[in-house]
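Student: Now for the letters of each chain:
Protein chains: 2
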Amino acid sequence: MEKRTLVDKAANELMQLIREHGYGPGEKLPNEYELSSQLGVSRNTVREAVRTLASRNVLYIRQGAGTFISEKKGVADDPLGFSFMDDRRKLVEDLMQIRCIIEPQIAALAAQNATPQDIAVLSSLCDEIEVLIVNRQDFTQKDIDFHVQLATCSQNIVISNLIPLICEGIRVFSSTVLEQEFEQTAKSHREILEAVGERRATDAQQAMLFHLLYNRNRFIQEKDL
Amino acid sequence: MEKRTLVDKAANELMQLIREHGYGPGEKLPNEYELSSQLGVSRNTVREAVRTLASRNVLYIRQGAGTFISEKKGVADDPLGFSFMDDRRKLVEDLMQIRCIIEPQIAALAAQNATPQDIAVLSSLCDEIEVLIVNRQDFTQKDIDFHVQLATCSQNIVISNLIPLICEGIRVFSSTVLEQEFEQTAKSHREILEAVGERRATDAQQAMLFHLLYNRNRFIQEKDL
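Top line first, the protein sequences correspond to chains A and B. For the first sequence, the working numbering gives the first residue as 13, with consecutive numbering after it. For the second sequence, the working numbering gives the first residue as 13, with consecutive numbering after it.
FYI, nobody ran anything at the bench for these hints, they're computed from the structure. One or more of the hints may lead you astray.
For identical chains, the list gives no copy identity; a pair is met inside one copy or between any two copies.
Unchecked claim - Dumping the calculated DSSO-like pairs for lysine-lysine here, alpha-carbon to alpha-carbon at most 27 Å:
1) Lys199 x Lys40
2) Lys40 x Lys84
3) Lys199 x Lys84
4) Lys199 x Lys21
5) Lys102 x Lys85
6) Lys199 x Lys154
7) Lys84 x Lys21
8) Lys21 x Lys102
9) Lys21 x Lys85
10) Lys40 x Lys154
11) Lys154 x Lys84
Sequences are here, hints too, so could you generate the full structure?
Tutor: Set out below in structure tokens:
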């Protein structure tokens, strides 16, 4: 107990040091010896504190090279414990329900807040997905990127970090439905992009809601087969 | 790299073993020796796999007593990396924005899906908060419990695991506003409870939206002082 507390305390202080110093993703931390003297704790405690922050995806340890700031910005893998839920069907249904609540609003915020650069990225993704669709190739990853980019467009930092949840939703969904929907996906994405680009928040919101409900209904119909 | 993969693989298998066996929160896992033979890996690998799952709040290690299933159901501490965000004001604003998107819908789902037992718990919490308010005592924790219980009432497992996000929102908000709002909080909570109990989904939704916007406006006004 005592030891745990010491490590937790050191981890919090290390976290503060990272924030104050303004280390960015990919930057290298000072070595164990320096951290030990800066935090005023033993090298063993530093090592465990680093391990704690690595398990929280704040840091990344590269054996032999040192400790770096993770690109994952402290967002946990599987942050909401999906792997703990054994009813996969209910998980998919509940994910679709929460996506129908959050994502139309994200699309509306994107139309309101996206920068021209944000929209250019969204537009490229839309083009790339269409090429994949024309060639009847798997577009799951680009689909995720499109929805993630919309979240970025919202400029809401909490929404940006909810991205893993959205991604997991798409991944779970893709592995559950029997086949990918090509034409309707291309059409919906294009509609969302155009509404965001032209700052039509309500149209973006409704195009997203249609996109999600269309897929939810496909899922329900397959279930009934 | 090789070692990491071995531990990750063992952690996934241990996870599967936990799911298949149906271990519940608080239950004790077999000891290292037994797990080592069940998973077919060394005791060292078992130890590290257990540590990995403990860091993800799936397991809980009690020194000398053994390894137990955590009550946190695999939901990470600070799952969305809030401690990594240094602009506290923007964090509060963005949290309020996402709460205004999600929580009114949670209230509507609660009105639709809550069991009589769920509503009884919600009702007790409402009573307890009113006692604290009459005595002008801090009610932050009970306030969190009330909003968490509403999420439970929704019967959506993803929403239930989004609870930490909501809690953090309330905690960050409480530490930011100058003083607690007593009368209006009691009134709003009572309205939400009654609407949920009488299955009035739209009323529950709108009472929650008013409750959140009222607090958001207080926050904005204090900022302008």
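Student: Hint by hint, note whether the structure agrees.
Tutor: Evaluated hints:
1. Lys199 x Lys40: neither (44 Å within a copy, 52 Å between copies)
2. Lys40 x Lys84: Classified as within; 15 Å inside a copy, 32 Å across copies.
3. Lys199 x Lys84: neither (31 Å within a copy, 41 Å between copies)
4. Lys199 x Lys21: neither (52 Å within a copy, 40 Å between copies)
5. Lys102 x Lys85: between (29 Å within a copy, 17 Å between copies)
6. Lys199 x Lys154: Within one copy only: 15 Å inside a chain, 47 Å across chains, cut-off 27 Å.
7. Lys84 x Lys21: Classified as both: same-chain Cα gap 22 Å, cross-chain 21 Å, threshold 27 Å.
8. Lys21 x Lys102: For lysine 21 and lysine 102, the Cα distance is within 27 Å only across copies (26 Å; inside one copy 39 Å).
9. Lys21 x Lys85: Both: 20 Å inside a chain and 24 Å across chains, each within 27 Å.
10. Lys40 x Lys154: neither (30 Å within a copy, 42 Å between copies)
11. Lys154 x Lys84: within (19 Å within a copy, 33 Å between copies)
Consistency with the previously given hints fails for numbers 1, 3, 4 and 10, ordered from lowest to highest.
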